[in-house]
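K.L.:
Letter by letter, the chains look like this.
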Amino acid sequence: MSRTRRGLFAAIGALAMTLSACAPSAPEDQAGPGAASGPITLDVWGWRQEDAAAYQKIFKIYEDAHPGVKVKYVPYKADEYDTILRTGLSDANGPDVAQLRSYGLLQPLVAAKSLVPLDDQVKELSGFPEPVLDGARGESDKRVYGVPFAIQSLHVIYNKKLFAKHGVNPPKTWDEMTAAFDKLAAADLTPLATTITDTWMLPIQQEIFGATSYGGYDYLEKMRTGAAKFTDRPWVESLTKWKSTSKYWPRQFEGVSYVDAQALFTSEQAAMFPGGIWELAVFGKSNPDLELGIFNVPPPEGAATAKTLVPGYVDGSFGVAAKSPHQSQAMDLVRWMASPEFGQAFSTELRQISAVPGVTPQDPLLAQALAAYQADPSPYVTYAYFSGGTPTAWDLASEALSTFVTGRSGAEDAAKHIQQGVDQWFKPTQ
Amino acid sequence: MIAAKVRPARSRGGYRAGRVSLGWIATFCLPALVLYGMFVVVPLVTAFSYGLFRWEGIRPAEFAGLGNYQEVLTRYPLNEEIPAALWHNLLFFAGTMAIQNTVGLGLAVLLYRNPRGKRLFQTVFSLPYLISPLIVGYIWSLLLSPTFGPINFLLRTAGLDAWARPWLGDPDTALPVLILVNAWQWIGGPMLIFLAALGGIPRELEEAAAMDGASKFRAFWSVRFPLLMPAVGVITVLTFIGCFNLFDLVYALGGSDGGPSGAMDVLGLLYYRTAFEGGTNSIGESSALAIMIFVVVFGVSVALERFLRRREVRM
Amino acid sequence: MSRPESGGRVPGFAAHALLWCYAALAVGPLILVVIGSFRSNADILRQPVGLPDSLGFDNYLRAWQTASISTYFANSIMVTVAAVALCVAVSAMAAYALSRWRFRGRALLAAFFLSGLMIPAKLGLLPVFYMFQSMGLIDTRPGLVLLYAAGGVPFSIFVIMGFVRGLPTELEEAARLDGANEGRLFVSVALPLMRPALAVVTVFQFAPTWNDFFYPLVLMRSDSKYTVPVGLTRFFGEFATDRATLFAGLVIAIAPLVLVFALATKQIIAGLTAGMSR
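Chains as they are written, first to last, in my numbering: chain A, 2 to 431; chain B, 179 to 493; chain C, 289 to 566.
No wet-lab data here; the hints were simulated from the structure. Fair warning: there could be bad hints in the mix.
Cross-link-like lysine to aspartate or glutamate pairs, in silico, DMTMM-like; alpha carbons within 25 Å at most [to be verified]:
hint	chain 1	residue 1	chain 2	residue 2
1	A	K428	B	D350
2	A	K324	B	E455
3	A	K162	A	D183
4	C	K513	A	E131
5	A	K428	A	D233
6	A	K61	C	D341
7	A	K114	B	E234
8	A	K73	C	D331
9	A	K324	C	D530
10	A	K162	C	D331
11	A	K143	B	E240
12	A	K114	A	E131
13	A	K161	C	D331
14	A	K286	C	D346
15	A	K244	B	E240
16	A	K286	C	D530
17	A	K417	B	E240
18	A	K324	A	E350
19	A	K244	A	D414
20	A	K161	C	D530
21	A	K286	C	D427
22	A	K161	A	E177
23	A	K230	B	D350
24	A	K114	C	D427
25	A	K166	A	D176
26	A	K166	C	D331
27	A	K71	C	D331
28	A	K73	C	D346
29	A	K73	C	D427
30	A	K61	C	E526
Starting from the given sequences, assemble the full structure and let the hints guide the process.
P.N.:
What follows is the structure in structure tokens.
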């Protein structure tokens with residue numbers, strides 16, 4: 002046995018000799034095919050497969066104004082996109098412009114120096130608010146690496162016809178809200194189509210129902226200086242308050258997936274769907290007859306604030322690949338993406354809130370969402386702010402909240418899981 | 179590395195190899211060796227070397243020695259997830275052995291004794307194997323959904339409301355369901371192997387036992403089953419390796435976090451999360467984790483194989 | 289003399305009832321998908337189990353038009369057939385040498401090959417990516433073929449070796465006495481005897497290779513070179529909420545494979561069973 006194994010390692014060792022050939026190395030720069038003549042094609046990679054057609058339409062505007070440049074949106078499967086992009090950016094055959102995730106998920110690309118910093122190249126960025134640029138900033142050097150494209154705000158989306166039919170209005174207080182839920186439940190409807198098995202939706206729902214309990218940005222400030230923790234009363238309370246609505250969740254909610262929840266809502270078996278504003282486009286497509294409305298959860302008794310907070314965050318940005326053979330053309334495209342023209346087209350075609358300042362969505366619901374968010378904004382704490390190290394608060398929260406909602410742990414334990422993980426790397430600012 | 183001298187074989191069959199020249203040995207072995215070496219072993223060894231560095235994205239930043247190993251083993255919550263995932267892999271292996279392989283044997287015996295329609299049944303039972311585990315996972319998660327799933331719908335229609343559970347959402351039922359769905363997909367494998375092995379057993383043996391007055395049951399256990407041991411050995415080792423490579427199906431059924439409260443978290447998912455959802459140093463950490471998984475699986479498989487072969491000889 | 293099998297413990301009809309039950313379990317879920325592909329999405333959500341109102345092919349039309357499935361199919365067939373053929377060819381040779389000839393380093397070499405069985409599937413992805421990059425194999429079908437063929441070598445050698453060990457050696461000895469060299473011996477004597485094992489390996493390699501989506505997802509760049517599973521992942525993203533169309537897409541993706549195998553397994557299983565009982 003031992004002889005065999007020693008021999009095995011010897012054999013592996015011999016093969017290791019050939020290894021130098023395969024270490025990651027910079028590929029030889031190929032002469033850009035577009036350098037000489039003919040139109041050049043800029044590849045824009047992204048993770049929104051369902052938006053491919055809309056992006057093509059948006060880029061048509063740019064192509065018309067810039068003869069000689071073709072822009073192609075190349076979407077990949079969202080789950081594997083990060084890996085594909087990391088490897089793709091190391092290669093001149095990769096993207097010229099890439100859709101980048103925000104906050105912590107952006108950092109590996111920055112660390113690998115795969116992206117071109119944009120602060121001094123794209124003047125338009127100076128018009129963007131600082132919290133929006135936070136989504137595209139490198140943690141280590143504080144430079145901006147992408148032009149943010151969308152702001153996602155989080156709400157309770159409701160079915161107007163069902164609300165009217167059962168005499169329910171968007172609630173102004175927490176008690177009004179639970180009374181409305183009771184009324185809908187009595188009518189044999191599922192009040193809230195919640196997502197449980199797709200764990201990434203859990204922290205989103207926790208923010209929607211719990212933001213007022215801990216108090217949004219004020220609490221976040223204290224957390225960043227180390228004066229408050231996930232394990233402190235207000236944040237733990239946000240979990241408890243959220244779960245107190247569980248009697249209004251679907252029957253056997255433990256097994257309800259994201260797609261199930263969406264289907265419950267679009268087939269009008271559920272009256273409300275707590276989620277991101279991006280759902281409007283999804284719902285509209287799968288059931289054009291739905292009349293949609295949005296509201297945010299009013300503060301419960303004992304909440305840290307009397308305002309009805311609206312959580313939101315930066316969804317992502319567009320950055321320029323350092324290895325792109327067409328860097329100046331890519332930079333032009335990204336500059337255009339910071340312009341109101343792009344912002345307006347983006348908002349109209351994709352039914353989302355553009356991150357470009359001054360762009361007002363045509364869609365009245367989107368406009369309502371944006372106005373509400375701008376009036377009483379609240380951070381998506383676990384995703385946006387404790388994501389600069391490993392493990393990220395977002396990963397920890399997804400795990401902890403799954404354990405919490407399936408009844409395997411209490412709110413304190415769930416909070417402790419997040420705090421303990423984050424404590425390993427988080428340094429409070431002085 | 180491979181010596182040219184060919185020794186006369188001392189094999190059981192009394193087969194004496196002639197002198198086979200180095201040229202022939204190279205001609206036969208080199209193509210496979212080069213292919214396998216280049217595209218399987220070299221990447222593995224490369225991964226080993228990756229695990230020794232601290233990475234910044236896709237750039238190796240500094241030599242870290244065993245730092246990544248230490249990081250993976252001590253960092254919360256990985257330090258608790260690794261043993262939990264290992265335990266789930268073992269449970270999955272035990273469950274698969276108990277269900278997939280015994281049902282597979284049962285079907286093989288039934289088919290062997292009732293050959294009418296054998297080919298049809300073989301094809302039908304093996305059908306799920308052809309489908310991508312991702313699709314299998316997707317189909318079953320739809321079937322098992324508590325809201326729109328036909329399974330709970332049928333249970334409720336039959337008045338068995340208490341039986342209608344949130345199958346994939348309940349930490350108690352998630353892993354058993356995973357084992358069953360996996361068995362549903364792969365049952366054709368053990369069935370075919372057992373069926374082939376049964377066909378290879380001379381019928382006279384069992385008849386002799388029957389004439390000695392042994393019951394059918396005894397005849398099976400004392401005569402036929404021992405002769406199936408080589409097949410059992412092959413299936414056990416393959417099942418073990420398959421169980422520890424489990425990824426696609428559990429990913430499709432429970433997502434990368436391993437289902438409700440991590441009840442279906444297995445080593446394959448843990449590796450995936452570290453490698454593809456990890457932070458800046460994900461290449462270093464995931465490579466270290468992968469090497470550790472490899473060492474465990476490799477060690478146990480070798481031991482298992484030896485143990486089974488020894489038993490086989492004794493029987 | 290063998291008696292008729294009627295004396296078994298389980299009476300024939302009960303055994304067949306059991307077999308039919310399991311058959312229903314095996315294909316039931318697939319049949320639900322096929323039925324679902326003819327219904328409307330709203331109908332499926334209202335009533336999970338039910339028959340279609342009418343036999344329309346709208347879902348199929350939509351699924352077919354959205355994804356360029358015919359291109360994906362051609363790619364999948366090319367890559368899978370080439371990879372499995374290459375894998376089986378080199379494995380058969382190596383396995384034969386390893387189980388028939390005694391030479392120094394044989395056990396070591398066998399252990400070296402078999403250790404590959406135990407490598408977690410996605411472990412090598414990043415190293416493979418960089419290797420492909422330096423060799424210019426990114427976005428090429430031959431690159432995928434080499435990768436899949438190599439990945440199948442350990443399992444194929446494992447199965448074929450086990451089979452060859454159990455084969456009688458008399459025929460080969462006789463041929464050797466007649467003066468045949470090792471190459472001839474392998475091609476004209478051993479290979480025909482190994483057919484059942486080769487068939488088994490082909491079956492067991494074909495489906496996983498066909499179904500893999502991870503490598504092409506990361507290593508392929510152009511739409512025209514994607515394989516069916518990668519096409520499907522796009523499809524999943526686009527039709528997540530439209531189950532009816534999704535079902536139709538799944539049927540389109542699965543059906544040809546099932547058809548080919550339903551025809552081929554007949555031969556394969558026949559060969560397998562005959563070979564083992566000889």
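K.L.:
Which earlier hints can't be squared with this structure?
P.N.:
1, 4, 6, 8, 9, 15, 17, 18, 21, 23, 27, 28
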